[in-house]
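Participant: Chains as they are written, first to last, in the working numbering: chain C, 31 to 319; chain Y, -14 to 459; chain P, 6 to 307.
Quick caveat, the hints were computed from the structure, so don't treat them as lab data.
A hint or two may mislead.
Below, a list of computed lysine-lysine pairs in the PhoX-like style, where the Cα atoms sit at most 20 Å apart [what the hints assert, rightly or not]:
| hint | chain 1 | residue 1 | chain 2 | residue 2 |
| --- | --- | --- | --- | --- |
| 1 | P | 213 | Y | 439 |
| 2 | Y | 49 | Y | 37 |
| 3 | P | 75 | C | 306 |
| 4 | C | 51 | P | 213 |
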Amino acid sequence: MKKIQHTGVIREYDLHAAPVKAGYAGILFLCGLVVVVAVFPLLWVTLAGFKDLKEFLSSTSILPRSLNPEPFVSTWKQLAISKNYLNSLISVAGSVISALVFNGLLGYGIGILKPKGHGAVKKLIMLSLLMPPTISIVPLFMNIQKIHLGNSFLPLWLSFGANAMYVILFVQFFESLPVSIIEASRIDGASRLQAFFRIVLPMSKPICAVVSIFAINAAWSDFLLPYLVLRGADKQTVMVRLFVFSTEQTVNADALMRSVVFAMLPPIILFFIFQKQLTENTVSVGVKG
Amino acid sequence: MSKLSKMISLLLAICLLAGIPSALAEEVIDANLTCTITLGNWPSDTAPAAEKELFESYRARMAKQYPNVTLVPDYYSYTLSNYVPMAKGGTAPSIFQPPFTDPQLLISQNLVGDVTDALEEFGVLDQFSPSYMEMLSDENGRIFGLPRDGYVLGMHINIQLFREAGLIDENGLPLYPKTLEELAEYGRIIREETGKAGLVFPASETYGGWLFTNIAWNFGCVGESALEYQDADGRWVCNFTSPECIAAMEYIRDLRWEYDILNVDATTTDWAGAHSLLGTGEAAMNFAADDSVDQPTANKGLPVEDFALIPFPAGPEGRYALAGGTCYMFAPDISYEQSIALMAYLKILGKLPFLDDDIIAGMRADYAAKRDRGAPVLPAISAWNDEDYNAAKQEIVDEFCNVDMRLYADFFDSISEGTITLKAEEPVYAQQMYRELTSVIQRVITKEDADVEKALRKAEASFQEYLDDEINNY
Amino acid sequence: MVQSKNKLKGHAKLRGNIQSWLIMLPGLLLMTFFVWEPLIESIQMSLFKTRNVELESFIGLDNFISVIGKDDFLQALLNTFSYTFWSLIIGFVLPIFLAMIIGETTRGKGFFRTAVYLPNMLPGLAVIILWSAFFSGSESGVLNIILKRLGLPAQSYLTNAKWVIPIIIAVATWKGAGATALIYMAGMASISPELYEAAAIDGASVWKRVIHIMLPAIRKLAGTLLILQIISVFQIMYEPMVLTKGGPDNASLSLMQLMWQYAFGGAMNYGKASAVAVIVTLILLLMTAIYSYFNRKESDWD
Chain C
31 MKKIQHTGVI REYDLHAAPV KAGYAGILFL CGLVVVVAVF PLLWVTLAGF
81 KDLKEFLSST SILPRSLNPE PFVSTWKQLA ISKNYLNSLI SVAGSVISAL
131 VFNGLLGYGI GILKPKGHGA VKKLIMLSLL MPPTISIVPL FMNIQKIHLG
181 NSFLPLWLSF GANAMYVILF VQFFESLPVS IIEASRIDGA SRLQAFFRIV
231 LPMSKPICAV VSIFAINAAW SDFLLPYLVL RGADKQTVMV RLFVFSTEQT
281 VNADALMRSV VFAMLPPIIL FFIFQKQLTE NTVSVGVKG
Chain Y
-14 MSKLSKMISL LLAICLLAGI PSALAEEVID ANLTCTITLG NWPSDTAPAA
36 EKELFESYRA RMAKQYPNVT LVPDYYSYTL SNYVPMAKGG TAPSIFQPPF
86 TDPQLLISQN LVGDVTDALE EFGVLDQFSP SYMEMLSDEN GRIFGLPRDG
136 YVLGMHINIQ LFREAGLIDE NGLPLYPKTL EELAEYGRII REETGKAGLV
186 FPASETYGGW LFTNIAWNFG CVGESALEYQ DADGRWVCNF TSPECIAAME
236 YIRDLRWEYD ILNVDATTTD WAGAHSLLGT GEAAMNFAAD DSVDQPTANK
286 GLPVEDFALI PFPAGPEGRY ALAGGTCYMF APDISYEQSI ALMAYLKILG
336 KLPFLDDDII AGMRADYAAK RDRGAPVLPA ISAWNDEDYN AAKQEIVDEF
386 CNVDMRLYAD FFDSISEGTI TLKAEEPVYA QQMYRELTSV IQRVITKEDA
436 DVEKALRKAE ASFQEYLDDE INNY
Chain P
6 MVQSKNKLKG HAKLRGNIQS WLIMLPGLLL MTFFVWEPLI ESIQMSLFKT
56 RNVELESFIG LDNFISVIGK DDFLQALLNT FSYTFWSLII GFVLPIFLAM
106 IIGETTRGKG FFRTAVYLPN MLPGLAVIIL WSAFFSGSES GVLNIILKRL
156 GLPAQSYLTN AKWVIPIIIA VATWKGAGAT ALIYMAGMAS ISPELYEAAA
206 IDGASVWKRV IHIMLPAIRK LAGTLLILQI ISVFQIMYEP MVLTKGGPDN
256 ASLSLMQLMW QYAFGGAMNY GKASAVAVIV TLILLLMTAI YSYFNRKESD
306 WD
């Protein structure tokens, strides 16, 4: 059996002392509690989905009376949500690519190429983090209409190519790369753009993974701009569907709980498939920040 | 409002006619009219299948009458906040359905389209109720909207809880409160006997203030004590600190702290939440209108035989009921062709005072669908001063009626007999007033020792400042 | 000779600069279109009398004066600081604590890490809708069911002016704490084990090792995360909007929500809405400036 090492503050020999041992048991208990707190609301909303409106509003039991999946089936039909999943997929895929390419190139310019005047751009990007984005949603939407990009995924994709946070993450990562390697490639006659794709990108898998995760998460969750831009029902994403559903005054609270489950399911599945990459990559990049 | 009440009494009093004029509906009316209109009043994906089929049939008829008009379904749930960017960006649906509180604001901001000429073309300009005219036109008399339906505020009752609490007469009808004082008393009995809330009061956002204005009127906040009025200089002034208004707010406080009949979480309960609580038997009474009777019944599961609609309880100083509704309005950039097409479409929907077999068939299908869903089929309050039209509608309602009209009689009688006075919403910036008043309500029902007068004074100052900014100093 | 070589070098440098700017151009164009231009438009609107989104006349600081003079602005400002305060109490300390305890576990570390990170992956709107039902104050509300089991009386949550802000912060923390904790864990994992070993040999207790070795090592990281957290909490809007609509009696109204009300709540006054947004930005700028003044040596971004 593999020997398990204590890697934190508490070392192997500390565990001989009774108070430390008790403290360690306490830590394990707390960790268990944390797991319960993290998972319980999700469990609750799923269980609540099995209740009808009357049971949901009156029952003093967390468990539903029956585990008949019929309510989920009927809400699925009521929402007609299948096509929205495909739309979300299209929206997320384009957003991730756009987030990597455009923010990556901008980060490359600021973090590695550093042309004259790049400092001002850097400051401007930092500053845009401070300005609440909600206020500019109306002028932005009108700009999108002006260039006739309404009811298309394109503006949503491109909006992910203009994310100050992602640019900053890229810059921070690029600044930590050894400059000598990149300069060596330039001596070999590669252009700046070639150097980016041949040298910098292959070295940047961790940051690309992190920005992808953030972008997937954000593109899946976003609803305000997609709601304004994607007017036709045939292009609505899952979150727009949920938003519209939640504003319909005739929708019942129990059905809303089931629609929440539907909106959460894909990220949860994705999360369990990629959990190792997710938790480790976030860590490796985050620490540089 | 007297016009409206007169109209309603006409509607209710007039008996059926022998012959109904029938247009030759399937003929092409205008093949030259070429345009595209987007329909924001199309049913949502989640709407009952029957409703969707109904709209498909409207579309089919439109295609026959106007072969070169393209209809694009575009379900749209109007809110002021989502409408403005769409109107500015040119993506507003050609037709949409705002509540009667918003038209004047939208008109003053040039965010809606003019349909006066199209109405004239259809020859219905004169039959349009003047009270609606005022709400839907600008100072030059140009018309920007049509009424879809009207409502009168009353009270929804869950008879199951009344029965459980013993509030039932020898005929099995609920003994319902006729005054606000009785409402508090009955609510207490229900609370004590059933453990459920006597009254659900949706005190979130603007709902609380909206309902409060009606209560305040019944406490005497009209005329010289009105919540808002225009003074001699034409300046808009609000008054929340009259003795009448303070008494009304103290009444709300007592509902919570003396009688304890309100639902828990009242400050986060909205319109849909209130219907849910009444429909599932968590509350016995709800201030609500005749146009939402399908909510607690068909949508939330209360059987129609356990549901009643009663008049708004009278207060110490008056007996008013708030009347309002939903209208159709149009995108700001519609062309003349589009406005003609839109009126033709509304005519097919039966929203103009024209009758033909198809419109009648449509109405019958609508009522049949309501009956099948378990929603009460009730006489609707019409917005046209056209006797034939109104009488024919009444005849169809009678045919499909699925309720014991005794459970609704007092509500409709109080309107037709004029024992209750209909009153429109406060004239300017009502939504903002509701917001301010809701804050006060939230304060007095969450803090037992709240100073009612002080809270009202603060809200008054705040709303007055708003009025000064928005109109007085404009 | 030397001169022309320098000249050549100068040309190459210029060409290099142009090439670099060209590489950055697509990103800059997008930033301009999606972020900067709309922002400038909103800042401009804050100085104008507006008719929905159109500028009518320049009125200087009138929008600001009118907005600041109102009772609800003061209330929203105090609430926003209260949100920030509670997020320091709950949202700042908790991730550090989580990282500490999970970092100490041996068996199941991967599992714990996964579990705390899970809420972060969920779409915000869905989560807020979930919470709005979760915090029901009726007897059928899940928290009151639990309280009843424990023999405690039922409580109200989102309708209680005293608790509504801490609850909203707790909700935001539930979602965000796991991701932040993972970053701290990485920071803690990069501390060399020899430091602990050496301290232990010197007789330092576990607690002393935490105070003198672990916490100083993550100080800079904590500073960065703190300022990012303040920036995001200061802009809190959707949570109170869905959960409480700012109530009861404006007890949870945030500045950004006030901005939303000016813009979309019926007044359609984008001038005033923009003024609120500009004020929020100025406060954040000021706080960031104060922060970087005290951390001049460590700041990467100045």
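Participant: Does residue 213 (chain P) lie within 20 Å of residue 51 (chain C) when you go C-alpha to C-alpha?
Facilitator: holds, 16 Å
Participant: Run the distance test for residue 49 (chain Y) versus residue 37 (chain Y): straight-line Cα separation, threshold 20 Å.
Facilitator: Given that 20 Å is the threshold and the Cα spacing comes to 19 Å, the pair holds.
Participant: Keeping to a limit of 20 Å between CA atoms, is the pair of residue 75 (chain P) and residue 306 (chain C) held or broken?
Facilitator: This hinted pair is violated, its Cα atoms lying about 51 Å apart.
Participant: Compare the distance between the alpha carbons of residue 213 (chain P) and residue 439 (chain Y) with 20 Å, and conclude whether the hinted pair is satisfied.
Facilitator: violated, 55 Å
In this structure, the earlier hints numbered 1, 3 are contradicted, and the remaining ones agree with it.
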